[in-house]
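Enquirer: Going down the list, the sequences are from chains L and U.
Its first residue numbered 381, the first sequence is counted upward by one per residue in the working numbering.
Its first residue numbered -8, the second sequence is counted upward by one per residue in the working numbering.
Derived from the structure by calculation, the hints contain no laboratory data.
Note that beta-carbon positions come from the ideal geometry of N, C-alpha and C, so glycine has one too.
Fair warning: there could be bad hints in the mix.
Stated by the list, open to error - Facing chain U, according to a computed beta carbon distance under 10 angstroms, are these residues of chain L, among others:
| id | residue |
| --- | --- |
| 1 | L453 |
| 2 | I454 |
| 3 | V539 |
| 4 | H547 |
Residue-level listing of the chains:
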Amino acid sequence: MARMTRRLLANKTLYGVLVIVVAWYVLHFGLRSAAIPSPHETLMNFVMILPGELSLHLLVSLLRITIAIVISLIAGSLIGLWIGMSKKANELISPIVYILYPLPKIAFLPVLMILFGLGNTPKIVLIITIVIFQIIVAVKDGVKEIPKELFYSVQSLGVNKQELYRHLIIPAVLPKMITALRISIGVSISVLFYAENFATTYGIGYFIMDSWIKVNYVEMFSGILALSILGYFLFKLIDIIERKVCRWIW
Amino acid sequence: MLNQVSLTLEKHCTYAVIGASGCGKTTLLYTLAGLKQPTSGTITIDGQPLTGIRQSTGLILQDYGLLPWKTVWDNIAFPLKTRGFGKHEIVQKVGAFLKSLGMKNYSNKLPGELSGGQKQRVAIGRTLALEPDLLLMDEASSALDAMTKEHIQNLILSIYKQRLLTLVMVTHNIEEAVFLGQKIIVMQNGNIRHIMDNPQFGLENSRSSLAFYRTCLELRAWLE
């Protein structure tokens, strides 16, 4: 028994899944509400609808998140590096960033829908307006945290500005960038879920709310399961990227 | 930080700059490195006025010298790459330096996996691979334990003897100054208080002679 427990704890993913499934069963049997179907029922439904309808919704959501994150990452890093490196840019841009950062951008979805129409664009733009600030602030802080001495010692080797970015600044901010990305994934999924409740018939957010309206709780939970699995895989993907590009922090 | 310092350094000579914290010794070194510009006056090296970072000046700092994300090999190789050395030449050069510094088996290690002394060896190797004629060091051995400190000091002395470069090192360690400085510059409040000629420099086993400690005492008197 002791050995089994140890083995279970060693496999962190399995351990996590097991605890959550047990808690799910407790809620299912404890509350006896139709709103919480049992895990096995949900899983069976999930496996059944995944190849058809569900994967299409999942794919649309994944596409929206990926586009939004890639754009935020590129634009946010550039702005973050710029205000981190230039005193003038810092004075000009930072005050604006600090006011905009905590604003509830999600409330602007109606405005975005008026400006960008009813398609994918307002949903992607909404995620960008939320995620980009986390990237900007993380990258800017990353630049500020590079020790002055490290700058001096690399500069004294006679490298030019481009090489300074390549060998010193970008690797130094990478871990911060990845941490920001990890936080952003969770935020993007929640924001997307909200945005997909409007003006679309595709996406996992739409699928969940649509199942709810149809009072099909099993299907609704399949959708939640799909969204959770998507989030988990994106999270793991970032772990893998981090291990690959930030080998020195492991 | 510095107040009207006027200083002429002779070629192929070693200088130890010593003084209490905040006396301006590091500022002096950074100014010589071209990292800080003097508010007035000029610096001339080899007849050329210094306007920025000079290609053949090497700088070694107490810490933070190596890039944590590059292996030992890459840390030494990347400045060579940026200076346009050929691939074959880089492999040869880096290999030779690692071997002479006794770091051959560590070429794939990251700086985080090395001891303080090993890190400093790699930093020294990286700077020497660029073949500087002026080598500047800021507390290069301060972070090391007593034995490793002596090893690094011996290494610096043997490098100087082999290459006859001009060496300026900032230290707050009296024995290090006497061991490595042909001339010892004593600084106080942003000024040069005294420049001491050091007869102990470069002598065989100097650390175990009484005369060495007499010179240390003499220097100590100048610092008080």
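Enquirer: Indicate, hint by hint, whether the structure satisfies it.
Expert: Against the structure, the hints come out as follows:
Violation of the interface hint for L453/L is found here, the shortest Cβ-Cβ separation to chain U being roughly 19 angstroms, above the 10 angstroms cut-off. Taking 10 angstroms as the C-beta contact cut-off toward chain U, the hint placing I454/L at the interface is violated, the least distance being around 21 angstroms. A cut of 10 angstroms between beta carbons decides the hint on V539/L: the least distance to chain U is about 5 angstroms, and the hint holds. The restraint placing H547/L at the interface with chain U holds, with a minimum CB-CB distance near 6 angstroms, inside the 10 angstroms limit.
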